[in-house]
Amino acid sequence: MSAVVFAHHAMTPAERLRDAGWIAFVALVLGIPLIGLTTVDAGGRLEVATRFGLLAVFVAVAFAGRLVLRYGLDHARARRLRRVQAGTEADDGRALAQRVVTVLGWFALGAAVALPLVFSGNRYVVDTATTVLIYVMLGWGLNVVVGLAGLLDLGYVAFYAVGAYSYALLSTQYGWGFWQALPVSGALAASFGILLGYPILRLRGDYLAIVTLGFGEIIRIILVNWTEFSNGPNGISSIPRPSFFGLEFSRRPAAGEQSFAAFFGLDYSPMQRLIFLYYVILVLALATHVFVSRLRRLPVGRAWEALREDEIACRAMGMNTTNIKLSAFAIGAMLGGFAGVFFAARQGFISPESFVFTESAIVLAIVVLGGMGSQMGVVLAATLLVLIPEFGRNFAEYRMLLFGAAMVLIMVWKPGGLLSHREPTLRLGAAAKATEGGR
Amino acid sequence: MAYALQQLINGLTLGAMYGLIAIGYTMVYGIIGMINFAHGDIFMVSAFIAVTCFTLLAAADVSSIPLALMFVLVVSMFFTSAYGWAVERVAYRPLRGSTRLAPLISAIGMSIFLQNTVQLTQGARVKPIPPVIEGGIELWQTPDFTVQIGWSQLLIIVTTVVLMVAFTWMITHTAFGRQQRSCEQDRTMAALLGVNVDRTISLTFMLGAALAAVAGVMVTVYYGVVDFFIGFLAGIKAFTAAVLGGIGSLPGAMLGGLLIGLIESFWAAYLWAEYKDVATFGILCLVLMLRPSGLLGRPEVEKV
Amino acid sequence: MNKTLLAAALAAVGLAAQPALAELPVAIAGPMSGQYASAGDQIRKGAEMAIADINARGGVLGEKLVLEVGDDACDPKQAVSVANTMVNKEIVFMHGHWCSSSTIPASDVYYEADIPMATVSTNPQVTERGLENIFRIMGRDDQQGMVAGTYLADHFKGKKIAVVDDKSAYGKGLADEIAKAMTARGIEPALRESITAGEKDYSGLVTKLKRDGVEVMAYGGYHTEVALILRQAQQAGLDLTVMGGDTMTNSELVTAAGPAADKVLFTFSPDPRKNASAAPVVEKFRAAKIEPEGYVLYAYAAMQLFEQAATAAGSTDYDALQKAMREGSFDTVIGNLSFDAKGDQKAPGFVVYQWQGGQYDYAR
Amino acid sequence: MTTLLSVRNLTMRFGGLTAIDDLSLEVPAGRITGIIGPNGAGKTTLFNCLTGFYKPTRGSLRLAHPQRGEMHLERLASHKVVRDAQIVRTFQNIRLFPKMTVLENLIIAQHNRLQRASKFSLAGLLGLPVYRAAEAAAIERAATWLTRLGLDSLADHAAGDLPYGIQRRIEIARALCVEPVLLCLDEPAAGLNPRESAELNELLLHLCRERGIAILLIEHDMSVVMNVSDHIGVINYGRKIAEGTPEQVQNDPQVIKAYLGEDDEDGEAAP
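Each protein sequence line maps, in turn, to chains A, B, C and D.
Read in order, the letters of the first sequence correspond to residues 16 to 454 in my numbering.
Read in order, the letters of the second sequence correspond to residues 316 to 619 in my numbering.
Read in order, the letters of the third sequence correspond to residues -2 to 361 in my numbering.
Read in order, the letters of the fourth sequence correspond to residues 141 to 411 in my numbering.
No lab work stands behind these hints: they were computed from the structure.
Even glycine gets a Cβ: it sits at the ideal position worked out from N, Cα and C.
Taking beta-carbon pairs under 8 Å as the criterion, some of the chain B residues facing chain A (in silico):
no.	residue
1	ILE364
2	ILE427
3	VAL433
4	LYS442
5	ILE444
6	CYS600
Please put together the full structure from these sequences, using the hints given.
Laid out in structure tokens, this is it:
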């Protein structure tokens, strides 16, 4: 894109008013059909009701809001301009920001470990934190495919579903335990990743997006309709919870089994299981983090990033792009599968309704909002996207409205994502020192 | 045979509607290379506007159907294009020139936002209108089956064809069409040659929205029931249609729409109705495997 | 609907505020937003009225009830989240959830937290899992399907009957039971189909029904799709009668289907509005411009159940309350309630209704 | 003088357009071969055929690999041309991995070697010495070339942020990290200033004379081509119209006609 610099002169009050007036006019046009007019049920047929008072309020708010916003934006821009003119502290700022993020990362880890101890009586907090971690894990998985390899996947939920259903079926039909089923389900999800990846290797960008979306839908539709296999829309219930080295978390353990509470001489409390589940997902998520971060520093990880940057150059460097794409799909799918296994174990009940397109869209939003490829960004975005609707519960019906608006605003505010800085996988100076030390 | 003919009519009607919505996707993709995920919801907004209009007209005792239809179409197209304009201005323009995925996420957010706005301001209940156009022509009578095409079905197919022709003419013969195509090919160059790129993109969004509004009015007339959720499924199907036909190609969008309408109705008619979406997506995958740029899409030459 | 946005937001914030001490928090949960929001709306209206009435009588055990409202949008994951929120708010009783697929995972949470719940979810699985905190104040799908299937077999002999569902847990369960009951009476469904809920075009199905000469369609699913199918059948010149389940009580069906709604039969518990004991409450609702249709009176009854059980137990402790509910017999606006060992209502009894000019009444 | 690569009767058609028409050419080992010709003559297409991006319509591309013997390039997929035949190319419109650092760009060029050493990433994940040694060697190799090309101070900068001339050098450094037997450079001097061009000349001669790497060079900048090439082939309309030493080619009437003659499609070629 060409860099065109516009000279911004300060706006006169008259211009500000005209600008806000234009916005108010737009608000009026947009508001008439949806706010000004509405249809109400009048005994079996509709009647039009008017709400012009509300419309007037809406237009007035738009007018005032625009004035304030414009003023704020101008000031922010002026400040930024001054800073740029003052000198190039941008690089320093970035390095500082990077350090802050690292510190915050360790802080977040500490907080994550301590959370259930602090909130040991608060079911809601622990459970919501578990949900955040599930999304963090899904985000990290999808980050491999979208953030690193640059393959737009809109059907990620399919692998989540494969993981969840394989654990649900293995445990309820064949009595497998959580820890036995975990690797098998992950492998199964990875095979589905390859299965999906193979036929669509030639597709690019948005074609890839629609086919993956279709794949997600196909898996869901099969789960809904193939009743003999998946119990159809009824879903699978009574999925066993993971046990603590064979100790169950239940008030009344099955005959011959000992419960966690009894073994440690504690009073039974449902919180024990919740906290245990929380730590399970925390461990899984951390393992995922370590795994993905290490992969990123390996040839395969660098190859993913190179693929995102320029596929043709990859081929010119002698890389087998087929294998690289498939490995990204497989690893992303496997991590999604793990998250699915955990989800099934935590919910105890799964049905196809949990694996709809919206879920894929949210995970994708986490990756992009966080800043493509940024591991910490995923944590931040997942926390935001889970917590916004939760806080929004206080606003009842405005909940999802706020969620949608927040997605747009964050994107417009930071198009590269919240944490868009890319940390190189290796540095010449550091590497030289390391190798010398190694020798 | 009669049964097949009837299903063909059903499929064409459905496909024509998908096609109308798909054109919006394809035009936007063509010009700024992004999937406008909120397009389905723009269509939904237009359907609500249509319901309000029809209800107003009923209250005003307007009995001339062509007059009523014209009025609703004009009003709905006007307001809906305002929405199309505003969505582009708020959610996409600030993101122009950033990564490819940023506008996609913004669009998904916009889609959620629009859905919930309508739910809040218009209510979650379904909005019905009394049948506007009733009856039809009996095409073929066999002893045990009568093939019928409803006036509203006919209206949808004819409107679509007329719009399609008008639209193709506009893109190939008018100044706006030339500007639109020039922006599609090279936005920077177009800007250097004096094309107002922002305006052209805005107009493209408004036109796409206006076509979605036509589809919205047609849906309201044909089904008589709308709710705030219709945008989602219609959007996904239309997007699939656009890709199947070759995204960026107008005739492709129409062809894709018709094909998907036909696949759906015939699959449901002769095979397992519950797997019809699997069939749709399956065929899409198959087509893309053989022709990675869709049926009528310009094959992407690998530029090295 | 006419509340201003601002006022609504303030009200919502107010609702969510933590209850002061010496107040008993009770909760409802259901789809307050999303596709099925109108059902949630009914539940909320019924519960609000009931709580107002109970508090006017002096509350329960001398304490005022406060209502917590949870929105699960019929999404199982959100349902669990709502359940956890409610546990945190230390509610003593839950009426919900509405969708079976939400009720099932949420009930595990309430069970562990010792919270008794009364639900209107009809999926058999709800009470089949041995949870002792669940009480169902509505019939079960299998009973419902039985009644509908038998009615069809008896009243539409010699006519072709198709069985269609929408692939939801509720719809498919119901449709399967209807088909089973019909087969038991020696009538085979002429067609067994599934449709996708949320679509608008069912002309394919209608054409299929027309080809097979189907006159009656038994449908497991929600009212929105039935309205569309009826409209499209009319357009195609097909005279279709529909037999559905309890979801057809929604008056949206009439608005959406128009006069064709008169062709809809459905099963539902005996109309509580017809109960002599409910008359004053029904009057009160109507005075407040609320038609006590569908789940409104059920929500009211659920709160009555809590009031009476807590009074009988003399406490709101789980064990006492749960025992009182299990053993007692309660007079509510939906009639006399008592429960069997599983927590199912003992005398649910489904009746076949028919819409007629915007009202529903027992079918002949 | 042994022949490294021999192109025989190569033809490449796109629909009705014949980009390369029955072209035959020999590339000697350890020498610099220049390819010149007006725009659209088919030079880049020749590269694309050579490196497996296009499948030739007809003809054969035979490589006499010093270690692996004779190879049929037209039968290899593009990544195998690089991996097995060790023919590496650069691009007319630089194709770096812009968001990655210069060093990372050079490490990625050694992907296949490192990937083998990482044993399906397992050795890498566990941090085994096998892999650590391979990685250190790769960094060493990258550092050597960076120093040689005067890029060592820029190693940790994002490649896409650097000036054009430097990006050209990075692309060559990256290609060298693959350890090619044949290096195909597509207009490496385009956009370089005279000083940079001179440096390029010196580098090419060094690579060829000291390291024994054969170079196939497409170039419009005559100061480069004429100065460094041992041998020059001239292509027009997909056909070879002349061949020989720089002096022979410069005086060839066919060549003069192609550049200055009836067709004025080319303006920038004149030095």
